[in-house]
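Asks: The sequence shown runs contiguously to residue 257 in my numbering.
These are computed hints drawn from the structure, not numbers from a lab.
Among the hints, erroneous ones may be present.
Claimed, not checked - Derived SDA-like pairs: lysine to any residue, alpha-carbon spacing no greater than 25 Å straight-line:
id	residue 1	residue 2
1	Lys83	Tyr240
2	Lys143	Phe133
3	Lys83	Arg139
4	Lys83	Pro237
5	Lys83	Pro49
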Amino acid sequence: MMDTTGLDLTPVVAEQPDPLLFATVSGAHLYGFPSRDSDVDLRGVHVLPPRALFGLRDPEETRSRMWDDDGVEMDLVTHDLRKFVRLMLNRNGYVLEQLLSPLVVHTTPAHEELVSLAPGVLTSHHAHHYRGFANTQWRLFEKTAELKPLLYSFRALLTGIHLMRSGEVQAHLPTLLDEVPEAPGYPVALIDAKAAAEHGGYGSCGGPAPQTLRRDFEALHAVLDAARGACALPEQPTAYDALDEFVVRRRVAAPEG
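Based on the provided sequences and hints, a complete structural model is requested.
Replies: Next up, the structure:
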């Protein structure tokens, strides 16, 4: 994984109109297959003051900012806490990966508390999220023949399988290749090939034939089905009330600006 020790978000955090609960690195760096020209995807949560939700204007629930940091493109996207928690409760593995990312560049005690509540939103239905994401990326791979969506496809299925079996969110593809016995071995070489260019093509990397990719992709779908059928995760989130109380408490504590 990338070294986040050199990322100083202090000026960016200070410029935010409302407090940030956390900011972490997501995307290809989190997934373990960044390219030399990859941008840095930063994701997090801000907390709007109560009055922002009471007036006539629509609240600014999602904010984004892009800037250049010594030649590296930085992309910060944050959601208001209520929107983020609703996404968590809606079986959205993507926001859980952001929350639980080990690549932390800004944190608070509230971030740590939200992390502690995350297991209470995990359900067997998260398999559907990862299946859908994998299929979307696979269709993109078939259209573009790029390595990036191919690696995203396998990563999503393996994350879903690992989650169903362990109850833990693991987004790092190299780790998943070691921890899921059914995973094919060739993505290791594909990761090395993608390091050269963010939008590098599959055709020149010397990987398996397309029919082999399709066979393994469909086989992992079957593994995900079996893992979901045998998993011990509940059908519904168990942390709704605790998260509701958390959102109210953090909202009341938010400064009015």
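Asks: Give a verdict on every hint.
Replies: Hints, one by one, checked against the model:
no.	hint	verdict
1	Lys83 - Tyr240	holds, 14 Å
2	Lys143 - Phe133	holds, 16 Å
3	Lys83 - Arg139	violated, 29 Å
4	Lys83 - Pro237	holds, 16 Å
5	Lys83 - Pro49	holds, 14 Å
The earlier numbered hint that this structure contradicts is number 3, and it is the only one.
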